[in-house]
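S.K.: Given next are the chains, with one letter for each unit.
Number of protein chains: 2
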Amino acid sequence: MSLAASLAGELEALFPDALITDRAGCLVYGYDNSRRQAMPDAVVFPQRHEQVVALVQACLRERTPLIARGRGTNTTGATVPVAGGVVASFERMNRILRIDTANRFAVVEPGVLNGDLQAALKPLGFFWPPDPTSSPYCSIGGNLACNSAGPRAVKYGSPRENTLGLRAVAGTGEEFRAGYYTSKGATGYDLTRLLIGAEGTLALITEATLKLTPLAPAKRVLRATYADIESAAAAVSRIMAQPVTPCALEFLDDEALRLARRHAGEIIPVAGAMLLIEVDGETDFLPAAVDAVARAAAGDGLLEWRAAADAAEVEQLWAARKALSPALRSIAPMKINEDVVVPVSRLPELIGGLKRISHKYAIPIVNFGHAGNGNIHVNLLYRPEDPAQAAAAPDCLAAVFDLVLALDGTLSGEHGIGLVKREFLPRALDPVTLALMQRIKAQFDPAGILNPGKLLPDGGTAHA
Amino acid sequence: MSLAASLAGELEALFPDALITDRAGCLVYGYDNSRRQAMPDAVVFPQRHEQVVALVQACLRERTPLIARGRGTNTTGATVPVAGGVVASFERMNRILRIDTANRFAVVEPGVLNGDLQAALKPLGFFWPPDPTSSPYCSIGGNLACNSAGPRAVKYGSPRENTLGLRAVAGTGEEFRAGYYTSKGATGYDLTRLLIGAEGTLALITEATLKLTPLAPAKRVLRATYADIESAAAAVSRIMAQPVTPCALEFLDDEALRLARRHAGEIIPVAGAMLLIEVDGETDFLPAAVDAVARAAAGDGLLEWRAAADAAEVEQLWAARKALSPALRSIAPMKINEDVVVPVSRLPELIGGLKRISHKYAIPIVNFGHAGNGNIHVNLLYRPEDPAQAAAAPDCLAAVFDLVLALDGTLSGEHGIGLVKREFLPRALDPVTLALMQRIKAQFDPAGILNPGKLLPDGGTAHA
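Each protein sequence line maps, in turn, to chains Z and H.
Going by UniProt numbering, the first sequence opens with residue 1, and the numbers climb by one from there.
Going by UniProt numbering, the second sequence opens with residue 1, and the numbers climb by one from there.
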């Protein structure tokens, strides 16, 4: 497929010096961290809201797919242009338009990097809670599109809890605003949260008003090691049942520990499982808060409880945790990385069930993640070159999802659905819920030009 | 209008001992705290989800309006059956189905009173943050329908930030679930938040999974009095710009103080304005937190800063604040009670502008409310029996809304739109946003039977 000549001309006029149509250039905007790939017909780099309006209208006229792209760090193929068309990369629309601490909000363009925003906010004593592991490289627009969270969500919430309002362009080419500049609002339906997590299938976000939170003055990083995974999972449950909420409560299973130790050395223990815990708060109160979490962490199977001695040790612990995902990629380049979520009290059953599934299908599974939210990154280290594993992988993955759903969990905590999980959506959602989502999609994007083939099972393929 | 005979028969079969059709009985389900009134043709009292499904399907067959009702405490006429039809009062569907502290959620039926849930949670060390002033009398279902918040929202958020999932029945008669049992989820569009604040126009909520928050161990109540309103408003801005977020930051203007003093005696000072501030946290840290707020509260115009001496004084202060709305009702039975919201830094401009509007239209205006969210209850004490005031009231109200919108605010912070503000919605929302809301409404309720004449300007009148 290639672009209609009229559209190609319009893109040239709209995006002087901000248009790629050659094959080599297009290639690098056709993949993301899912290892899926497809060729777009063109890549454009909008810098202003008005350009985005004109872009959507131009694509709509030619019924050409239009895929919004942040920085391509997502793991589900949500930005892969499976039906060709135009990729709109927001990397050049990256201004922080306003930081207003008196009103606790910031207004940003979608291409602002999460880490750049945090760096701008820190000297002012504020932060924006969502902090994906890819924070230095991922964009706010992508965070919003996928409802991406990160470790701090256990205490501070995901983008849906931390966004006040949006400016956007629907698939109809119409521009609109949703939400407020205030921390409260009850003026009509909540379109802000509807767009967050919609993976660019309803509208393109061109501006976001983000709710800011004061930075806690002090933080302590702790690690608790356990004899086995079940003891660690039970400790997570106890920690979340008491009043002091950690600002991170990360879990690593034995395999993840082995891997992290290889990266970080002896700071990572040999154990059945480890919790990496961060507690923040007022300086004077922090010791009492740490004590409260320590009491809850104690119990059967606890091997060691240890506070990071200094900033260097904190750095090392987090670096080891953050290295896990790339490290697994190097072991198993085609690993399947899920981010299932279950109620925290069901974590022992989840972890036990995953062991059985791994054994049954003879596919190694490594688990780590945001245990305080019950959000576990389940890594199926399958090697497609092994015919037995290749044959077993689909059933193995289906068994993982069936387990999660049986435990009152859901398919994704923070990665979204994208390309790779859409066929599983009907297992997680009842038919009426799914049909309502389809009908909502049809209102925002009746021609199905926005990110076709994503999120919804038969989600609006463009009629090009 | 009266019910079709077939529908009347169905209701009798569906709701034995739970159906009212006589005039006297219907009358008391035809009004709410808006002082608007209309007659329903029948009132039913569902107790089970399946009854609600059958009820919606029966009403749909006859194209008969169906109005969900909690306890009628809302101030916008959101439950007034302006097109007749059936009122479904959820007062008997009031079981707390599950409290799960390990997973920090509670599952409730919509008729559970907010206060009853709080009472059940307190011994377990948890609470559900939304706490409207009417908490002992209002239902969770009503709180969700209107996104009702209350003082604690300044620190802990509104229902949209504190609800994990819903079970509901759309206007199509189809039942569905939205959301999760987990604190994180990225599996499709966010229908949970879409239903919250939709005032029963999209679906009837039959079950809610609410996110619980640990109770802070200690709390301190403080009052700061100021020489004038502008000084108090500036203090609110300073308090919200520093890191310690109070769990209540209430504002009373001079008129509200006079009124509160009449109710509560000398504990309420004579002053230009007062802030009632609550700070919660760990026992040991509380003095430092109070100091931080005190530093921010200090400044031009501060007359007195005082901590409540004991529980009795706390009780008195809050009783005086909570008595304001009913007290104003006794002075001006037909008062117009708005709950506008502006960014907190714009509060001085709002309060100044309201003074000018009050003077221009010769209608007394009393202001109090949740200043930490910029959410002010603006009470127009107009007397319809005064011809000049009656003539001026509509323009006066329009001027209030124009002021609020010019300050980047919105029409409602927590009361919703209902019957009384729907004509103003096009001032607050751009035409595309409004059209998208209409199209969403049409998907959930194509026949327009759910709460016709509410929220949206021409929001789906039933075609009966």
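Check before you lean on any hint, since a few could be wrong.
Identical copies look the same in the list; a pair holds intra-copy or inter-copy alike.
[Said to hold, decoys possible] Keeping only pairs whose Cα atoms sit at most 27 Å apart, straight-line, the calculated DSSO-like set for lysine-lysine is: (1) LYS155 to LYS219; (2) LYS360 to LYS219; (3) LYS122 to LYS322; (4) LYS155 to LYS360; (5) LYS155 to LYS122; (6) LYS219 to LYS322.
Hints in this document: simulated from the structure, not taken from any laboratory.
S.K.: Take the hints in turn and mark each one as holding or not.
M.R.: Taking the hints in turn, this is what the structure says about them:
When the C-alpha separation of LYS155 and LYS219 is checked against a cutoff of 27 Å, the pair qualifies both within a copy, at 13 Å, and between copies, at 20 Å. Taking CA atoms no more than 27 Å apart as the test, LYS360 paired with LYS219 passes in neither setting, with 42 Å inside one copy and 54 Å between copies. Proximity of LYS122 to LYS322 under the C-alpha cut-off of 27 Å is restricted to the intra-copy arrangement: shortest distance 21 Å within a copy versus 38 Å between copies. In this assembly of identical chains, the alpha carbons of LYS155 and LYS360 never lie at most 27 Å apart, being 36 Å within a copy and 48 Å across copies at closest.
Taking the shortest alpha-carbon separations for LYS155 and LYS122, both the intra-copy value of 18 Å and the inter-copy value of 20 Å come in at or below 27 Å. Taking CA atoms no more than 27 Å apart as the test, LYS219 paired with LYS322 passes inside one copy only; the shortest distance there is 18 Å, against 38 Å between copies.
Hints 2 and 4 from the earlier list are contradicted by this structure; the remaining hints agree with it.
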